[in-house]
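J.: Spelled out, the chains give:
2 protein chains.
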Amino acid sequence: MQLIDGKKIAADIRAEIAREVEEMKTRGLKTPHLAAVLVGHDGASETYVAGKVKSCGEVGFKSTLIRYEDDVTEARLLQTVHDLNNDTDIDGFIVQLPLPAHISEQKVIEAIDPRKDVDGFHPVNLGRMVLGLPAFVSATPAGIIELIKRYNIPTSGKSCVVVGRSNIVGKPISILMSQKADPGDATVTLCHSRTRNLDEIIRSSDIIIAALGKPQFITAGMVKEGAVVIDVGITRVKSDQTKSGFKLLGDVKFDEVAPKCSYITPVPGGVGLMTVVSLLKNTLKAAKREIFP
Amino acid sequence: MQLIDGKKIAADIRAEIAREVEEMKTRGLKTPHLAAVLVGHDGASETYVAGKVKSCGEVGFKSTLIRYEDDVTEARLLQTVHDLNNDTDIDGFIVQLPLPAHISEQKVIEAIDPRKDVDGFHPVNLGRMVLGLPAFVSATPAGIIELIKRYNIPTSGKSCVVVGRSNIVGKPISILMSQKADPGDATVTLCHSRTRNLDEIIRSSDIIIAALGKPQFITAGMVKEGAVVIDVGITRVKSDQTKSGFKLLGDVKFDEVAPKCSYITPVPGGVGLMTVVSLLKNTLKAAKREIFP
Numbered sequence: 103m104q105l106i107d108g109k110k111i112a113a114d115i116r117a118e119i120a121r122e123v124e125e126m127k128t129r130g131l132k133t134p135h136l137a138a139v140l141v142g143h144d145g146a147s148e149t150y151v152a153g154k155v156k157s158c159g160e161v162g163f164k165s166t167l168i169r170y171e172d173d174v175t176e177a178r179l180l181q182t183v184h185d186l187n188n189d190t191d192i193d194g195f196i197v198q199l200p201l202p203a204h205i206s207e208q209k210v211i212e213a214i215d216p217r218k219d220v221d222g223f224h225p226v227n228l229g230r231m232v233l234g235l236p237a238f239v240s241a242t243p244a245g246i247i248e249l250i251k252r253y254n255i256p257t258s259g260k261s262c263v264v265v266g267r268s269n270i271v272g273k274p275i276s277i278l279m280s281q282k283a284d285p286g287d288a289t290v291t292l293c294h295s296r297t298r299n300l301d302e303i304i305r306s307s308d309i310i311i312a313a314l315g316k317p318q319f320i321t322a323g324m325v326k327e328g329a330v331v332i333d334v335g336i337t338r339v340k341s342d343q344t345k346s347g348f349k350l351l352g353d354v355k356f357d358e359v360a361p362k363c364s365y366i367t368p369v370p371g372g373v374g375l376m377t378v379v380s381l382l383k384n385t386l387k388a389a390k391r392e393i394f395p
Numbered sequence: 103m104q105l106i107d108g109k110k111i112a113a114d115i116r117a118e119i120a121r122e123v124e125e126m127k128t129r130g131l132k133t134p135h136l137a138a139v140l141v142g143h144d145g146a147s148e149t150y151v152a153g154k155v156k157s158c159g160e161v162g163f164k165s166t167l168i169r170y171e172d173d174v175t176e177a178r179l180l181q182t183v184h185d186l187n188n189d190t191d192i193d194g195f196i197v198q199l200p201l202p203a204h205i206s207e208q209k210v211i212e213a214i215d216p217r218k219d220v221d222g223f224h225p226v227n228l229g230r231m232v233l234g235l236p237a238f239v240s241a242t243p244a245g246i247i248e249l250i251k252r253y254n255i256p257t258s259g260k261s262c263v264v265v266g267r268s269n270i271v272g273k274p275i276s277i278l279m280s281q282k283a284d285p286g287d288a289t290v291t292l293c294h295s296r297t298r299n300l301d302e303i304i305r306s307s308d309i310i311i312a313a314l315g316k317p318q319f320i321t322a323g324m325v326k327e328g329a330v331v332i333d334v335g336i337t338r339v340k341s342d343q344t345k346s347g348f349k350l351l352g353d354v355k356f357d358e359v360a361p362k363c364s365y366i367t368p369v370p371g372g373v374g375l376m377t378v379v380s381l382l383k384n385t386l387k388a389a390k391r392e393i394f395p
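Protein chains in written order, with the numbering used here: chain A, 103 to 395; chain B, 103 to 395.
Careful, some of the hints might be misleading.
Put simply, identical chains are the same to the list, so a pair is met inside one copy or across any two.
Only pairs whose alpha carbons sit at most 30 Å apart, straight line, appear in this in silico DSS-like list of lysine-lysine [as the list claims (entries may be wrong)]:
{"no.": "1", "residue 1": "345", "residue 2": "209"}
{"no.": "2", "residue 1": "209", "residue 2": "390"}
{"no.": "3", "residue 1": "362", "residue 2": "209"}
{"no.": "4", "residue 1": "127", "residue 2": "340"}
{"no.": "5", "residue 1": "132", "residue 2": "326"}
{"no.": "6", "residue 1": "110", "residue 2": "349"}
{"no.": "7", "residue 1": "362", "residue 2": "156"}
{"no.": "8", "residue 1": "387", "residue 2": "362"}
{"no.": "9", "residue 1": "156", "residue 2": "326"}
{"no.": "10", "residue 1": "326", "residue 2": "282"}
{"no.": "11", "residue 1": "326", "residue 2": "164"}
{"no.": "12", "residue 1": "209", "residue 2": "340"}
{"no.": "13", "residue 1": "362", "residue 2": "127"}
Honestly, the hints are just simulated from the structure, not real lab data.
My request is simple: use the sequences and hints to build the entire structure.
T.: Here it is as structure tokens:
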């Protein structure tokens, strides 16, 4: 069994990006610049955005944080999106979700210029991805593909089950895994709450991508010998065994499943650590005009 | 075994649209108006476009046909797209594909205002469809969903195999069938040229959507008793049994497969007849501003 080390791969990618940024600066090119818009004071959002801003610094990007209180109007936020779209120094930007209930997230997302949509949430980027065109792919699916690529895990012709059909993970990763590409070319079955023989489908799959958000749902009996297991779930549960009083659990019962796998991602330390580097990679692509020339 | 009668359903929908257009006119509303752009003199394209224009007349739509010779420049065509985007009398328009090699189809498609993209080829519409948002869905997948709906074929929790991963049929119908919707909520496996145990997957499926373009590929031995079979393939082959000297074959060996099915679409007379009515439905939705208010 080989553990997929998200921490190591994320560090490798960070170092690669830092090297490339260094080189761009040497050649007199503009420093890649990511902006983040944060509304309100949600604890998780604060943490995520702080992590993104910090990571920018580590790879040599410029970053800008724009903050609003919870009561910002939708019109004001749309104006900010518009300004960022037109700011030639900003290569890409994100609006941290969730937004307060009085603001339409979809309207805000669709207002972002697809060329600066480094979160890959704009329908144009999703649509282009489905068509197999260059596109900003959202962080989690992009991170999964990157892990599979860096570990040279074969996917062509393999059976792959994706459990969970969320817009940000299940649907896009199911499309990417079945795409004519490497990684890709797998025979993908997308499962969800209405799926009847879920255990049987998982048990017959070479690659299992668990993104349903139910802690420790996938047990050893559901996994065939030699399977590749990618665990996207991250659920925070109370624990008296940690200082913080909680721990993070994946969708897979790691201790019993791992011995049966050829490859498995741990939680924490797996897919979750890839999301910020996916964002950095997208920002670098935006700065280099790789997606929309 | 119940034959899915594409001809009858298409006629029903045409009549429904005609009735609604009549009513719109009575209420003093503008007549829905579809424009089609045709480049060159490809025989099949000429036939398709003529069919679309004729159908517009039958349901009471206005239609405009814009023709160019094969040597039209990309810039000229993009200008026409731009003009149609800005023409307030035009509710929706299509640019008939394929285009000559010197013109980028993708560039032309992406130049179309998504609000007038009644072919549903713009990435925004595809992306919105994936996200479960209102969107113009392209003709063939929309036609399949319509047939399933009109025959009240249960799909929730059913296993569904889609054979073929084309951008215009396989990928979008796989997404629609697995979507949280009715029809939808099926457990979908998307198969393609790299799939290893295709026979076995098809044989275990409740619903089979064949869109691989290989005439008579699916035989009785590959279909389980009571399956629903949707045949998207239309291949023109030579025949000495018809006046025209050719006949149309589906991807399914109809004669031997049909007796095993609960429902099956014939070729011709099935899915193919739904494509023009899907376009008409999209044009009506565009005229009513149903997708993008």
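J.: So, for every hint listed, does it hold in this structure?
T.: Results for each hint:
1. 345 <-> 209: neither (41 Å within a copy, 56 Å between copies)
2. 209 <-> 390: Both. Shortest intra-copy (27 Å) and inter-copy (21 Å) distances satisfy the 30 Å Cα cut-off.
3. 362 <-> 209: Close neither inside one copy (45 Å) nor across copies (48 Å); limit 30 Å.
4. 127 <-> 340: neither (46 Å within a copy, 63 Å between copies)
5. 132 <-> 326: neither (50 Å within a copy, 61 Å between copies)
6. 110 <-> 349: Within one copy only: 21 Å inside, 59 Å across.
7. 362 <-> 156: Neither way: residue 362 and residue 156 sit 37 Å apart in one copy and 62 Å across, limit 30 Å.
8. 387 <-> 362: Answer is neither; intra-copy 38 Å and inter-copy 52 Å both fail.
9. 156 <-> 326: neither (40 Å within a copy, 56 Å between copies)
10. 326 <-> 282: both (26 Å within a copy, 29 Å between copies)
11. 326 <-> 164: neither (46 Å within a copy, 59 Å between copies)
12. 209 <-> 340: Neither, since 36 Å and 52 Å both go past 30 Å.
13. 362 <-> 127: For residue 362 and residue 127, neither the intra-copy (47 Å) nor the inter-copy (67 Å) Cα distance is at most 30 Å.
Taken one by one, the earlier hints fail for this structure at numbers 1, 3, 4, 5, 7, 8, 9, 11, 12, 13, listed in ascending order.
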